[in-house]
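Sequence lines, in order, name chains A and B.
So that you can map any letter, position 60 of the first sequence is 60 in my numbering, and since no number is skipped, the others follow by simple counting.
Just remember that my numbering sits 323 ahead of the position in the second sequence, which is counted from 1.
It should be emphasised that the hints constitute simulated quantities derived from the structure, not laboratory data.
Keep in mind that this is a model prediction, so the values were computed, not measured.
We put the CB at the ideal spot given by N, CA and C, even for glycine.
Warning: the hint list may mix true and false statements.
[Unchecked claim] FRET-style restraints, in silico, Cβ to Cβ:
#1 B:Phe495 / A:Pro72: 37 to 47 Å
#2 A:Pro266 / B:Glu369: 36 to 46 Å
#3 A:Asp76 / B:Glu369: 53 to 63 Å
[Said to hold, decoys possible] Covered by chain A, according to a simulated footprint, are these stretches of chain B (three or more residues, beta-carbon under 8 Å):
#4 331-345
#5 471-478
#6 577-586
#7 606-619
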Amino acid sequence: MAREVAVPAEWELRAERRRYGPLRVLLALRHHPLGVFGLVVIFVLVVTAIGAPLIAPYDPETAPSQTKVLQPPTLDHVFGTDRLGRDVFSRVVFGARLTLEVGLVSVLFGVFGATALGLASGYLGGRVDSIIQRTVDVALAFPALILLLAIMSVLGNPDSGPRQFVIDHTPLSESKNINIGILTVAIGIGMMAGVTRIVRGAVLSEKQNVYVEAARALGATDLRIMAGHVLPNIMALIIVLVSILLPVAILAEASLSFLGLGVPPPAPSWGADLSAARSWLEEAPWWTIFPGTAISLTVLGFNLLGDALRDILDPRLRGRGLS
Amino acid sequence: MGNYILRRLLLLVPILFGISVATFVLFRAIPGDVAVIICGQTGSPECLERVRDQLGLNRPLLVQYTDWVGGIFRGDFGASMLSHVSLASELRHRFPVTLELLIMTNIIALALAIPAGVISAMRPNTPLDLVVRFLSVLGLSIPNFFLGTLLILLPLIWFDWTPPLGGYKPFFEDPWTNLQQFIFPSLALGTAIAAGLMRLTRSSLLEVMRNDYIRTAWSKGLRERTVVTRHALKNAMIPVVTVLGLYIGGLMGGTVILEMIFGLPGLGRLALESILLRDYPIVQGLVLISATVFVLVNLAVDVVYAWFDPRIRYA
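Only chain B is shown next, with the shape it has when bound in the complex (with noise of 0.2 Å):
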């Protein structure tokens, strides 16, 4: 098992190393840069030579590049272009929002998709599973946007209110605001992701109940209850943990959507800034983040896969 993580971060080395080349070489050909942005549209050549020298942009593409890779192997993700903040801080600031959104958008998905799942798997076929069913569908299929926005127009419509947008709190300054901020987008971004485990539950359940091993606990006389949740449901949870760590990648580009529409000052909003704003140092230090954490999160699955499966043995 060991042997077997150490190799997938071996793996990581080689993909990092794709990342960090294609973001590098993607945003730089992007037309216009930060300078057009600092002197203005209008901006004189000798103000755009000038930001471009400070900020060296002129510099053969190779230099820049392994100036900012020998950066990133000192602890240095380098700065913003334009607010010369750095990553870093940026991170500071900015990590806890996202990943607050992240791990409460988790909660309410397994929260709605296991029960949900279950029952549909436990009285298949029956006008309650179809239902369940049904919205399961409607969840994959109404656009996270269209959501959010729909939590803030229903609610203003119903009771003249609407969540709290923009002046974020931290948790432990206000909680009973920051949950308010966070509940919402948190809804927008889980649904989807419930309905898609709810499937996968609901299938992987299905499929394990027809095993002996399943029959053998009802033959003991065990209740429903504690067949479905010993024997059966902790096999069932395998295909779904998994789908669970793919779901993180797109997850990152849901954030970006709701945190600007909720006004959350987390790590999408600044990807989204950045890339319209052309601020290379922090798209590439961001992409590179999400990439890493994406891959972290893949071998996180493979490994509570074997927890979850003793069969499954990594050689």
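Isolated chain A, as found in the complex (with noise of 0.2 Å):
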């Protein structure tokens, strides 16, 4: 019995590393269902997105000729149509690829640069330590859907001046110019603060490691002990911080969106369609009801999915107020 215990140290690094491969996190989910529950709203979601112009009736720009406008939901169109005649299932079908393309890309890059940023905080600490802390200090002292407004209104529309409008009842962005590349960098921007300053926190524990120690011991440089030995240990932190951070890109996409700062009409948002939607709720409930059920329930499947995930791959995150 005793031998057993005598297990060389690699072995069991490479069990630890083992534990969070792709196929032993399915095979965990099945302890989770709702976890599979949002596992399958995402897969219809993302089946959804690529084959929008297969799925799509419709095209979600423009309407058919012969359309009645604010159409209830037929055979024809299965969700009505929406002011301009416009079929809302296909406008809910194609928004699915904006709101996941906006979603992910935001994600990706707020969490690359978070990554960075927080690696050369907690791993090289003293002066870029200082500077990069102080700046998130003020990054998070901002209020996050002022901030997002602010970098819009300042990228996100390059050559119009400021626009007049009411805010009651019309959209507030009648501009075309907005740039859904710069939307998504805003979104990721406005994320980072957050993030930097966990991947921080778990960057100073994982440098106690001996590890880390024994590669500086070999020569190793700072770039090569941050990017090939910190980064893989924390690479469990950082998925769940993803599957975290997904909703709520999601959620930033939508409501900046709604505000009339966020995807420009025509392009199929869905929160731009329940802006549109507002003012028309009495007479048609439909064209609110479909988008806002498409966000909720995506940003469920995020959430149920993120949950499990966490639970599976780094329990210690759990009742962070992240979400």
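Take the two lone chains and join them into the complex the hints point to.
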């Protein structure tokens, strides 16, 4: 029996890493029925997004001729039509594509940047750490939505001046110049500060490990230790962060579009459609209900999967006030 | 403790300095300015020039910045470049609206979250627990603007009635209308927070219930109710309070949306309008104020922490 205890250190390390393999995670999911439900929702969403042109019966941005505007759901238009006679179902389907694109890219951008900053801040310490952390302090004290609104009004609209608008019923933005790429980057930047701090914390505790010291003794450069040794060991945390942040990013896109500073018309954004539909709530409730349900279901799917992943990969994160 | 609070307050100085510079630069970088709005998109160059001159927008940035900060130290937060209403007077009218919204939101959130969290932690993994947990994930997933819209739409369909939109009435003038105006946006805003807090209450209470002193309480023969409320809940509340503090920052964004949907003349709506109209002094002032509030709330949270858990000492 005693011989079994004397396992060489590298075996244990390998075992540790294998626990996070994708197959293991999928297998572990069977103990999390809600996580499986989330996975199914996301699967449907991804299929919808990829196959949008095949699934949607009409063009999302232009109204087919001969349609009535604000038509209730019928067999021809299962989700009804909007104020311009466009098919709401087609817009919801194409909206999945836009939502996933903006959500995924912004989170990857934000987490990538934050991981680099957090690694530098936590591993290098000293002056680099102070500069990054004081900047994070300031960024965290900014109200997030205001920061996003500000970034969007600075970057989103390069060539037009301020717009006249009526706050109550018309969509705020009639401008077509707001760039989806910039929206994505803005959302990514918006989440960077908080993630930087979390990654830094993980790096600080990871840095204490002997393997870092060993690598340094072997003459590895700082960059190599950060990217080759510390990073793989905080990968589980980063994957969990991505899954927690995805619904946050999706909500941010929808909120900004709802406020008229996100995706410009006629692009099929769920948030923008909700905003436009608000003025016709009484006449066309379907125009509100379907895009709204689409956002809620999507975010629900990611939240459920994110919770399950967090339980499987990194139970320490439970209860962090990130979502 | 006094020392600690003082140090934290001192830390506010560099943060506010950073915020003031950041907002100042950020909003000056916005293409187009108030002059364009005053003169119209096709305004003559002379008009633009004259307006910018009047408002001092032609001066070097550093001069404009010191002018603004100097004003704050004299208690002058600046005024709108469009309506010339001072920020101080806007605050007097609008702050009560946002404050009422925030207070009601927090009351609703806590009233939903803590009982739900306790029930679900007392009977973990029972159908009741699963239902409560599922509802909480659902609450986290419905965007507040959709929930807000639904809270207008559903009464409209079912009762042919909507909550009053616009025409804000202060509480002391017309409490009944006022409550109708605030309960729906607060509910829309509070649901997500309640959901987050409920999950936290549950996991935190489950953890506390494993402690030895809880076993002692049980073995003394205390009723479940006493064990939970007297012994466990107070300690379980520590993380909940912290996170509630963190949520206040996110809430400010939420007020922008719900004040817009429900036509409440609060600070969030002022912020949105001012950003879109490039009304620099108002936006800068608002961002500075909300950042200050955010930092102070976090300080208050840390202090409340020590009150909840006397073991925590700040040196």
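Open item on the list: Let me make sure I understand: some of the numbered hints might not hold for this structure. Which ones are they, in numerical order?
Closed with: Violated hints: none at all, because every hint is consistent with the structure.
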